[in-house]
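Asks: One-letter residues, chain by chain:
Protein chains: 2
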Amino acid sequence: MCKIEFQPQGRRIHAAKGTSVLEAGKKAGIPIASDCGGKGRCGRCRVKIISGKVSLPDNDERAVLDRKLGTSTERLACCTTIDGDAKIHIPAASKRTEQVLLLEGKSRSPESVDRVTVMGVQLNLPSLNDQRSDLQRLMDELQLTDRERFVVHPKFVHRLSSLLRSSEGSFAVFLKEGVPTGIGPLGSVPYGLAIDIGSTSIAGRLVDLSTGEESCSAGIMNPQISLGEDVISRLTYAINTAEGDEELSSMLRKALNRLAETLCEKGRVSPWLVTDVVLCANTAVSHLLLKLPVNFLARAPYTAGFSTQLELSSTDLDLDYIPCARVRIMPCIKGFIGGDHVAMILACNMDRSNDMVLGVDIGTNTEIVLVKPGVGGGMFVASCASGPALEGAHIRDGMRAGPGAIEQVQITDQGPKVKTIHHKAPVGICGSGLIDAVSELLRVGILGERGQLNKNAKRVRARQNSLSYQLVASEESGSGDDILITQKDISEIQLAKAAIHAGISTILEKTNTMVEQVSAVYLSGAFGFHIDIDSALSIGLLPEFPNAKFIQSGNAASVGAYLALISKKESERASRIALKAQLVELAGNPGFTHLLARALRFKTKLD
Amino acid sequence: MCKIEFQPQGRRIHAAKGTSVLEAGKKAGIPIASDCGGKGRCGRCRVKIISGKVSLPDNDERAVLDRKLGTSTERLACCTTIDGDAKIHIPAASKRTEQVLLLEGKSRSPESVDRVTVMGVQLNLPSLNDQRSDLQRLMDELQLTDRERFVVHPKFVHRLSSLLRSSEGSFAVFLKEGVPTGIGPLGSVPYGLAIDIGSTSIAGRLVDLSTGEESCSAGIMNPQISLGEDVISRLTYAINTAEGDEELSSMLRKALNRLAETLCEKGRVSPWLVTDVVLCANTAVSHLLLKLPVNFLARAPYTAGFSTQLELSSTDLDLDYIPCARVRIMPCIKGFIGGDHVAMILACNMDRSNDMVLGVDIGTNTEIVLVKPGVGGGMFVASCASGPALEGAHIRDGMRAGPGAIEQVQITDQGPKVKTIHHKAPVGICGSGLIDAVSELLRVGILGERGQLNKNAKRVRARQNSLSYQLVASEESGSGDDILITQKDISEIQLAKAAIHAGISTILEKTNTMVEQVSAVYLSGAFGFHIDIDSALSIGLLPEFPNAKFIQSGNAASVGAYLALISKKESERASRIALKAQLVELAGNPGFTHLLARALRFKTKLD
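Read top to bottom, the protein sequences are chains A and D.
Here the first sequence is numbered in my numbering, starting from 14 and rising by one per residue.
Here the second sequence is numbered in my numbering, starting from 14 and rising by one per residue.
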């Protein structure tokens, strides 16, 4: 056993030789961040060995540390094992923090609400004189003779057998178009779940189906992140690892059970009352969830398996926490344009727009939709790889949106001013902070058009043969370290914003649309919700749209799932969106490549 | 380690102290019979300790041995552990043998056959110019616009995504009323499985759905037998054991997967081609399979959870071997009258009979149906507990129908003559042999009307204060032991036959039916198939029906499942049978109790 001391927490524990620092931290009650599940890939678990004996880094660890501009004393906690007594420093940025999840989206009135009817029944209990089966007893009471329309799942019978006896025959039946969708104790109502499964986080709403009103919402992280930060690396894992697809599916199914549990507990609702679920997700995640083949998704022409709504029982999807629910999966469009994008288009009413409108969902993969009403118009969709930089990954001091993340930056004569999430001492920078920082550096001239830092500017210093800008000095940071914007960080952002800009420009060009014609731009998703539009325009993340209003619609996908849950008409609209959307191919498109090269420069304008 | 020698096999092994004799036999390659899974309950694993040191029997073991009229040297192999070197005799009757399963039933022409249409399609493969999803591609080809009727399971999409590419777009689509039920390589056809799950054995047929013809059949033992020999003990296990219901369900689901595999391999059919399954089982087994509550089934008024057909996906039932199939569960009638009885009524066309007909399925539980056509008539069903004696259980030398089981007995002046299954040397007696033996003993006067053996008759001897008849002498038996019919065996048979006789008499009495009015008696199931009708009548197992023909219809339930599989009309008839059947209550009925007391005597006539 070795004595381990953690700084600055001052926590001391004993750990066996060979224990990883990640494990030791956990034992000491100091959970260390790890996106990759301790596989040495994400680089979030950096620690400093102050003194003592630990294992030496191998080449893989060195490569990850290099990417993160690690100093010589920095190590990955998951790759470092204890070899004797040691003193280890865990910086604040490496401590696991709650991520702030965006659950809410801009809501709109549903076209119609199909409220579920709740009817009280009083059935005679089975007796020697009346030995009808439980199900027959209910069907007789409801005068259901058209049995064809009433496909009963065994779980419904299960619930009925129990409730019939425990309620002594008096209970509530939930009816949709005359057909029972569930039962519950007298006074209860049916519930639905609308769930948007994002690559990073999963947002769910619990909805009272007798009114169509939301009861509560909750979010959790998507656990698949431990097997791949973005969709491409998850597909690669699924294809190249034995049982990898099974593993990705099963961890997601477990997470959905947990989310359902969280929602039911928060809303104080019995899980037996959940009768309907609508799920939306991007194409890869939808396919992984359903255990559909994904090897076709990862290579051209990237076609999806399905583009109509699928339906199955919750137990068929291992959602055993809500055994009585029917689950609908929102339709996908193409390989990289999924049910979440359909839900977003639906939520923003874009399919009903009388004007030209653009929708953009920025993430590791950015989806774009342009709606052109009228003759010769249509709904055009495209997707481009924009990389994880805007989510704070592959950025030296990047982090996800959590307490202590810098989300706003202003540079004044006195130097940079930062605003952090939850007003905690700054420990890193999240996406919107990065955009602000770059925009401000451009504005005050510290950063040039081609993305080069001015080595003579204040707070710009050369470290390890590379320039970086000191955004927060060590003495003011929550981590005790400088928070820097490096030259490499700026390149990553340049690449990301160029891809998005070029993607939007290409879709406009291909459809002969002028920026002046666009009347509204919807920015959905967490990143689109938090960024400062002016900053985004000033760094050229988005083209200028002189006549458009910008709408930051938040988690629009979860709103779309909600609408499809409570309204048959909205659900049918979603199917039509998936059918109608026309793909504009970006990859390999010479126009896109040309526009991408131009968009790499800052302050580019569309000409 | 101890040296163990097995006789008469002469096999020697070394086994650790504490090893059970059951385990040691397995190790020596001499599998010993055990119905209860080595739990010391069934008494099938009796062995003799010739010499050496073993553990002493406890009271539970003694009670089981007593029941089986064990001799002082007999022990249960599962309860006896090795304590030193030993020599052990394994009688032939205790060696595990293949049970002869009854798969076939009397077939009839189906009312109609809904043949599935097979259509070849040639689809364009996905390309950058045609990125429709795989499912949309197929729906467009089939001009399926009415999407409401086509509820797609993700497994269908899974199969489509793979086959579309592996076949380069040319494959076969299986259509039922214009809706795809499956796909396969060009030249393939869809298959269905019709499965009858009995308490003891499971019989399955593989059916070509494009013609409605059977391809092959196969049977396996129902593994639930290891947790309870009869339905009541399984219900008790499910109710009183933590996770017992889960265990019973999961072992059955695994067995169904194995049976599906056996059928597909025998028929050389890819499991992906199996699109439909029809299952029938008694009520308890149906409920256990579906994980429905069973505590209500085990107590009055014994009502079933469902009495209409249920439908679910194969994966929802863990039948992962045939991932693309829809499974239909045949409707139950009441607690002890299940889907197998409905299937039997259907197979024997009893619901369409213009004459009065009776159907009897004899087992541990015996189900009876009487059909009276015309005004004031109906379909009357009853069930009575007839015990396991007729299946060879609780009989000293009883065994299931397997090689070496005595199935026919004749007593001549020269003494008894026996016929065994597969003409092997006799090792025990199965149900039909018992009926024959009792009938012959009555005929020649060795057995009296009240069931007492004549102690002065030839081959009757007193052993351990009880009389028994030597059916086979030790030197002629395959086990080296006498095969006896004991006074206790005769009592068990008396009880069983009295229950069946009284059950039939009660249903006749309650419906004011005279034996003369009955024109046909269907005896279904393995026992009803193998017994000699004259023997059964002469011992009073069945009342005399002077104007009836007796039809031994074999595994009629599996025929019923087959009919429901290939024909919608037959399937709807099954639903109507379940709805129409009226229960005649026997338990607690004073008439039944009176008739039971009278039927205990042999040679009783219905007056």
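Bear in mind the hints are in silico, worked out from the structure with no lab data behind them.
Treat the hints with caution; some may be incorrect.
No copy labels: a pair is met if it fits in one copy or bridges any two.
[Unchecked claim] Pairs of lysine-lysine residues, derived as DSBU-like cross-links and limited to a Cα-Cα distance of at most 30 angstroms, are as follows:
#1 K66 to K582
#2 K432 to K581
#3 K267 to K100
#4 K189 to K582
#5 K430 to K52
#6 K581 to K189
#7 K267 to K304
#8 K468 to K279
#9 K471 to K523
Asks: Each hint should be assessed against the structure and marked as holding or not.
Replies: How the hints compare with the structure:
1. K66 to K582: neither (66 angstroms within a copy, 79 angstroms between copies)
2. K432 to K581: neither (44 angstroms within a copy, 69 angstroms between copies)
3. K267 to K100: Cα proximity of K267 and K100: none, with 37 angstroms in one copy and 54 angstroms across.
4. K189 to K582: both (14 angstroms within a copy, 29 angstroms between copies)
5. K430 to K52: Classified as neither; 36 angstroms inside a copy, 76 angstroms across copies.
6. K581 to K189: both (11 angstroms within a copy, 27 angstroms between copies)
7. K267 to K304: both (14 angstroms within a copy, 21 angstroms between copies)
8. K468 to K279: neither (53 angstroms within a copy, 78 angstroms between copies)
9. K471 to K523: Result: close neither inside a copy nor across copies, 44 angstroms intra and 105 angstroms inter.
In this structure, the earlier hints numbered 1, 2, 3, 5, 8, 9 are contradicted, and the remaining ones agree with it.
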